[in-house]
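**Q** Here's the letter readout for the chains.
Protein chains: 4
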Amino acid sequence: MSDTQMPPAHPFDDDKLKEECGIFGVVGVTDAANFVALGLHALQHRGQEAGGIVSHHPEHGFNSARRFGYVRDNFTSHRLMETLPGELAIGHVRYSTAGSKGQTQIRDVQPFFGEFSMGGAAIAHNGNITNAIALRKELIERGSIFQSSSDSECIIHLMARSLQRNIPERMEDALRRVEGAFSVVAMTRTKLIGVRDPLGVRPLVLGKIGDGWALSSETCALDIIGAEYVREIEPGEMVVITADKGVDSIRPFRPQKSRFCIFEHVYFSRPDSIIGDRSVYETRRQIGVELARETPVEADLVCPVPDSGTPAAIGYAHESGIPYGMGIIRNQYMGRTFIEPTEQIRNMGVRLKLNVNRALIKGKRVILVDDSVVRGTTSRKIKEMILDAGAAEVHFRIASPPTAWPCFYGVDTPQREKLLAATMSEDEMREHLGVDSLRFISLDGLYRAVGEASGRDPKSPQYCDACFSGEYPVEPSDMVEKGFQMKAAE
Amino acid sequence: MSDTQMPPAHPFDDDKLKEECGIFGVVGVTDAANFVALGLHALQHRGQEAGGIVSHHPEHGFNSARRFGYVRDNFTSHRLMETLPGELAIGHVRYSTAGSKGQTQIRDVQPFFGEFSMGGAAIAHNGNITNAIALRKELIERGSIFQSSSDSECIIHLMARSLQRNIPERMEDALRRVEGAFSVVAMTRTKLIGVRDPLGVRPLVLGKIGDGWALSSETCALDIIGAEYVREIEPGEMVVITADKGVDSIRPFRPQKSRFCIFEHVYFSRPDSIIGDRSVYETRRQIGVELARETPVEADLVCPVPDSGTPAAIGYAHESGIPYGMGIIRNQYMGRTFIEPTEQIRNMGVRLKLNVNRALIKGKRVILVDDSVVRGTTSRKIKEMILDAGAAEVHFRIASPPTAWPCFYGVDTPQREKLLAATMSEDEMREHLGVDSLRFISLDGLYRAVGEASGRDPKSPQYCDACFSGEYPVEPSDMVEKGFQMKAAE
Amino acid sequence: MSDTQMPPAHPFDDDKLKEECGIFGVVGVTDAANFVALGLHALQHRGQEAGGIVSHHPEHGFNSARRFGYVRDNFTSHRLMETLPGELAIGHVRYSTAGSKGQTQIRDVQPFFGEFSMGGAAIAHNGNITNAIALRKELIERGSIFQSSSDSECIIHLMARSLQRNIPERMEDALRRVEGAFSVVAMTRTKLIGVRDPLGVRPLVLGKIGDGWALSSETCALDIIGAEYVREIEPGEMVVITADKGVDSIRPFRPQKSRFCIFEHVYFSRPDSIIGDRSVYETRRQIGVELARETPVEADLVCPVPDSGTPAAIGYAHESGIPYGMGIIRNQYMGRTFIEPTEQIRNMGVRLKLNVNRALIKGKRVILVDDSVVRGTTSRKIKEMILDAGAAEVHFRIASPPTAWPCFYGVDTPQREKLLAATMSEDEMREHLGVDSLRFISLDGLYRAVGEASGRDPKSPQYCDACFSGEYPVEPSDMVEKGFQMKAAE
Amino acid sequence: MSDTQMPPAHPFDDDKLKEECGIFGVVGVTDAANFVALGLHALQHRGQEAGGIVSHHPEHGFNSARRFGYVRDNFTSHRLMETLPGELAIGHVRYSTAGSKGQTQIRDVQPFFGEFSMGGAAIAHNGNITNAIALRKELIERGSIFQSSSDSECIIHLMARSLQRNIPERMEDALRRVEGAFSVVAMTRTKLIGVRDPLGVRPLVLGKIGDGWALSSETCALDIIGAEYVREIEPGEMVVITADKGVDSIRPFRPQKSRFCIFEHVYFSRPDSIIGDRSVYETRRQIGVELARETPVEADLVCPVPDSGTPAAIGYAHESGIPYGMGIIRNQYMGRTFIEPTEQIRNMGVRLKLNVNRALIKGKRVILVDDSVVRGTTSRKIKEMILDAGAAEVHFRIASPPTAWPCFYGVDTPQREKLLAATMSEDEMREHLGVDSLRFISLDGLYRAVGEASGRDPKSPQYCDACFSGEYPVEPSDMVEKGFQMKAAE
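Sequence lines, in order, name chains A, B, C and D. For the first sequence, UniProt numbering begins at 1 and goes up steadily by one. For the second sequence, UniProt numbering begins at 1 and goes up steadily by one. For the third sequence, UniProt numbering begins at 1 and goes up steadily by one. For the fourth sequence, UniProt numbering begins at 1 and goes up steadily by one.
Next up, chain A with everything else stripped away, as it sits in the complex:
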């Protein structure tokens, strides 16, 4: 059942993979919801469609607010934040649900809340449950009523049916039934809970703020609230945190070798975040260095496709010795959606957002550095703009290997047929885009850039790189059920 609320998402941002969620939680600080709002603002790049916060206060109980739109437009108002009192709160920003075909509904906006016999709990997650459809079917047959189309609601229902006596144990019970790639923040009346799936595909970090604690998808959100970064929650770890007793670590899952999402390094995470003690910015810059080594070309200018290509372009320029310059300028005033746009606006596409710095480009052999090629639609338009401006040559250099497979772990990817690299060779893509050269970093090069000096271990890859390799560390069983063709074993 759908409930109409939101205009369709912006048509010009659709040529990127999209991280679907950011999560944040805090315990042991006054006005916890305010900190959550700030944290979510710092995580806004992980989901711009909607956000929600749940807080708990001993007197006022659980309170929540869910809103479409940016955190800064909703969760900054004195009047709203007053309704979210307490020293314990969690929140969520989202892009859209894997499950929903069309529009998001406010009831799909997390955190979800459930009232159990021993009290209430709220839960928010980042990632995807790959057996959600099967679980949902089973739960409905046993009499559960789902309020949303979000697969994370399964966790709440599994918890409701657990025979355990307290909520953390019920959550353990529930998580053992769940497959996929997910990080979770949850809360009871007194506890902040964090979980990462056994492979640790999606990120989750722990921070310390005064006498309290914070959980966040990325470290950049710890910075904004002035929290100190403590460590990553480990793959397969569940932490139960109270203001007075601190962090209790539990291992609900069978141990496995970790497979962190390598695309967090490439694109999803903010460059000022730290993953595994490495600056994301520095990793991206290093990708540019590797790319320059692997795919040199004679040119006059290294130019980033703003803003995500910038660090790799800086690295490429530095390594190649070719001058770095801003050949494409981004309009700062682009937002996300238009309501009933004029025909002309609809046809403008990327030109509403980007303009070529004609005087700089003119007559030059230009290396354009972008983070990835998904459908290739934006790349074509950018190439046209660059050529219109009088560039002598256009060379695309891509800071990730060809994206040939969809992600089923909480990232919004087009269907496989729409991925340029799924149907074309590198050379066909070059021709399709109409550029003088097109080169991607190798998978090994990417692994080197993220710190694996000897590259990818083909027997047991250190990261989840399914979008490049087609090797899915967790079987996407719901999708296979729906007919998705896995890569044939070699």
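Since the hints were derived computationally from the structure, they do not count as laboratory data.
Looking from chain D toward chain A, a few residues come up when the C-beta cut is under 8 Å (computed): (1) Arg79; (2) Ser279; (3) Ile345.
List of simulated lysine-lysine pairs, DSS-like, C-alpha gap at most 25 Å: (4) D:Lys353 - A:Lys353; (5) B:Lys208 - C:Lys381; (6) D:Lys208 - D:Lys245; (7) B:Lys16 - C:Lys353; (8) B:Lys16 - B:Lys487; (9) A:Lys459 - A:Lys487; (10) B:Lys353 - C:Lys353; (11) D:Lys208 - A:Lys353; (12) D:Lys353 - A:Lys16; (13) C:Lys362 - B:Lys208; (14) C:Lys208 - B:Lys381; (15) B:Lys353 - C:Lys208; (16) A:Lys208 - D:Lys353; (17) A:Lys362 - D:Lys208; (18) B:Lys362 - C:Lys208; (19) B:Lys353 - C:Lys16; (20) A:Lys418 - A:Lys353; (21) D:Lys381 - A:Lys208; (22) C:Lys418 - C:Lys482; (23) B:Lys459 - B:Lys487; (24) C:Lys353 - B:Lys208; (25) A:Lys208 - D:Lys362.
Even for Gly, the Cβ is constructed at its ideal location relative to N, Cα and C.
Fit chains B, C and D to the known structure of chain A by using the hints.
**A** Leaving out everything else, chains B, C and D in the frame of chain A:
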């Protein structure tokens, strides 16, 4: 858990009992949701806070829209109604939930929807489930997750847990667990369902429109869509209606003697509705006639307190021979709520809504006819306005007996202590209001006016009159649990 | 130049003449703007499209707020009213401008403000300047820049060009150039000013509130603020009021015999207002009495067309001895406009607003009393509803003579061709409406009802009755210029 | 008089000089208003508070729309743009008025429109009229009524009072009375008009699009509509453009040596615009080169203060050989204003917008390159963030000379006392900011970077650089009247 959305209700309308809901459904007509919107507009007096519609279309499945505010401000727009296709739809308008302390949340707005293994169903109800708290507790213990604070959600969960194979039978199962006073409209993918509780406390009528059928709280909503009034759904009856096979009647409950809400005649229903083959307007006029017989007084003018006192005033004037006149004029442009009103607005009270027709009132002995006295706050202010305008005498005549007991069957009543008649005798009330005389119609007089020639049968009253008599036909078990003191048996 | 802001007005209210404005001003009370807001709320029936308030405070200067929509939805908010400090304020509600073809723009919303070399002044008016087009043309030729399409802006420009030293004298200068029917409230930094045109066509009354003074279109707005009614501003009088020195009366115009608008008695004014020491309600009731005497008919029920026909119906019933009853019930929840309504809503027309009390009407010979017939479109629909409900006969009785001429004095009337009475005889109208009889009160009967015992003086009529008689007391020169055909002199 | 509409501007953007307006016009293309909307979107950096468009269509006349907020949120909607038909349109984006103390009112949003006896004209301007107060006083004394607090309205009134027969000649008349620095786009029913003041302080360029023409503040807005850049309108030139006859050039002013605003090169213009055949980006990069030459320092990292410091930082890094890196990351989701923000939000300041890339900064000697220092408030906060992140040293390098004087030519500058450089020496500033070194580019260095090989000509400077030098090319007479102290002649 509360989700802040709405300003508190208007402070000047609070001196009335409030019907909490209106329900409407239609099957077998193109664009069924449009008909539901019109029906709900005609039922708006039964609930002004919010409304919702669910429709079903074979291709597009179930769709819903829920909005705060008037039907006419939401469900008239082409753009919204397009999202609700199909030939089957139900809808609901609501005032507020018995259960909620403060503000309504959009997720409390009916109809509710549940996905069962054999398909979805939507349900809306008018009335109250008196064992809802106990049921809810039991269901939560068994693992149900509630999405709202509304007690009607119990029905959906009971249905989800039923072992029956089809939805109507699951609903029968569910309704047998439920106590209270309620009318229900529900729908599956193909069926429109209507139910009245065994005592038939709340109304529900059946209408025919072209080849289709309609269910409505009142006949006035059949008129607006051009439907023909067929009959009342009987107390304890469940009708299952399909476009092709028509109306199937089922009796899920043990038969009982009916106890229709007598206050529907006095105030809740619209005067142009028909209840039990009697015009509500005519009944109210007849109440005025009885009132004039029972409580005559010498005076110069019979004046209604607008608008609900008007028909009884017309009857009183006719029977007494005293001229009828509009001594109080209502401002047509009053709405319901103010957001952050100025101090002055807050203090204006009833003067924002009513003004005295000074030239008519001056020097006259005035009989004011009102439908009821609840807290008495408005009555006092009206008396002051009338005296300020120079009336020689003020006589209140009330078209219902003293309201001394709260209603637990879907009507918003103040706590017992706030009811003027619960703590004062008629004479104390007269003094409290500061009027020359105050008289209420007798309970027998009221029964005569609604057509019971020999008055109320004290052994087995023909109506539910608990608000006057304290005799509750269904034990309000949740409230008793919370400490409500029933009237001692005599 | 048009500036799009508002949806077109509601299509179902268009079968009435519309008063275009209400004006209110107050001096010498704290938070004067709050009093103006309340006064405008009481005058909302005179204009529902938009409202504006200007206040002055010695420290904060002039401040204004203009808003589309009802007074109660805008000028009740603490936050807005705080921006309008001071002890002197004026305000205005409006329906629409005579001049504008389509939509109103916020800059057309009065009061208008002008900065002169000796200080600022704000002005609001009710009525129409009949030589506005000519004045405007002249002023533009001399270099004035108009900010609105409203003809009252002429007054500000004439004042700006006056050679007088103070604002009241500049206003006198300006008003002497202006022809038409108008009442004005204006303010300088210290003075509240009121003016009525020489014929006194439009109303304006004076009230006393504490140490301050109020000016209002009607007395009902004095009641709401608790002000005492002092007297009418006289035709051709200008009052200049200061908090300390009180009311100074000036006569800027050549004296003429007054010609107050008789339609204020019939329809425009609120029934609880007093005009010339007569209650409007009582006058309307008396119109019903005269109507019963002039146009008797055998019938079973006298039924008002709500709400404007009610007092006359009460009078008719009383005089004729036929029972009075509410055969038509109004939906309280109708507003004014729909944005992009569905086809079905568009076709509903009057049924969205009115329903027949079928049980009362059935089988009866019904006398329907309405205030006027303009286009006749609503009358036809009401007749159909009444017959559908099974009435045996339908007799229309109209509380005003046939409306055969447009008003050019601040009232929104259709073009002459659209007025039913302009093109049909009474008998043709009866046939067109399809009723058993149709009768209007005579012009003499109407004059008797408003207190002129010997009826209308044909040599020198006591009222402006141009809409009935075609005798215009002020030549509508702009309209004649545009081709309007005056009635031939007899 | 003020009319409340808008929350106060965002408190964290206030440490920049603000260009106050962008203007755009187009003639000879279908749906001209759509092109204007796109152009204004590209000029949004010149004014984010509000925007307006006026179009003319032979049948539908002049139409306008004015809205608060971004162009993209208003002027992209099909429904709004349909109301602006025609092949001729002009538009304006604005930041705020020099004159207004507090909030902007919708009536202050340009373009302004005036109806003259020979037809209407609309006008929008960028810049400031330095004798506006005196002109306004004179015009009011002669009977003009001002509708706004904007000084550009003077031009319309002067035109209205001109004795010339056609609008372009009236505009010439008006402009000769006006002093200051301004560029104007205007339109009659058939003509698009552009004017630059005699010194050419503010920019205006001409473009060709198909058979039509465009005028724009900057070339970047020609790019977005696909127009070809033709040339700059020359200082003191007035162009009158019709679709069929093309561009007619007029010289209404006495010729003077041009004094273009040098700050357009430093900060106001978009880097992808071209001024005087030079890319703004390239100029800024060159400023960085000059700065590196003038103010070398040993360090490990050159880091821009995003985004305006980026090109100069690239130049500085290139020239100095010190690696370039993004040490500060901007949150893409910052907007401009908060309504009733929480205390915490209010205190966050720049941290809501910027975060330090800790891993990159840690232990490094960092050169921060920013475009200017105004109040110094943001610079201090950035320095703190950098030191908190563990930088070893912080060296500020500023791509403009010390800003010691306010601009009176259409730029929003703090009062002189608030400018850090007005009250402190460079060394005092360094101490105040608490950095290891602080150096500004020299005025000569800046002149060299913009292409004046031999630097600034002190006898007759090539640019307006009053904000640095205190030498005002046009006397700011209104401000002098108000007490502003000009720099003593040396």
